Amino acid sequence: MEDKKKQYLLDEISRLKEELEEADKTNDILQLENDDLRTEVMKADQRTFLVIEEIGEKINQVLEIGSKVDRLLEILDKEELNKD
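Per our numbering, residue 1 is the first one in the sequence shown, and the count goes up by one each step.
Quick caveat, the hints were computed from the structure, so don't treat them as lab data. All figures in this text were calculated on a predicted structure; none of them were measured in a lab. Treat the hints with care, since some could be wrong.
Said to hold, decoys possible - Derived DSS-like pairs (lysine-lysine); straight-line CA-CA distance at most 30 Å:
(1) Lys68 x Lys78
(2) Lys43 x Lys58
(3) Lys4 x Lys17
Claimed, not checked - Per label pair, the in silico range of CB-to-CB distance:
(4) Leu30 x Gln61: 45 to 51 Å
(5) Glu19 x Val51: 42 to 48 Å
(6) Lys4 x Leu37: 47 to 53 Å
(7) Glu33 x Val69: 49 to 55 Å
(8) Lys25 x Glu53: 38 to 44 Å
(9) Gly66 x Ile29: 52 to 58 Å
Even glycine gets a Cβ: it sits at the ideal position worked out from N, Cα and C.
Full structure from sequences and hints, please.
Now the structure itself:
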C-alpha cells in the first residue's frame, strides 16, 4: 500500500510539473502578446498626439484668417462711413 501511495504522489508531482511547464509557456506567450499590444497602444497614442497637434495648428490658422477678415471688415466699415 505504501508503494502505491508513493507512486501516486510521484505521478501527481509529474503531472503538476507538466501543467506548470505548460502554464509557463502560456505565460510567455501572453507576455509577448502584452508587449506587442503595449507597443501598438504607444504608437496609437503617438499618432493621436500628432493628429491633435495638427488640429491645433489648423485651428490657429483659422483664427489667424478670422483675425485678418475682422481687420478687413473694419477697414471696409470705415471706408463705408467715410463715403457717407
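Inset, instruction - State the violated hints by number, sorted upward, taking the hints as numbered earlier in the document. - result: The structure breaks none of the hints.
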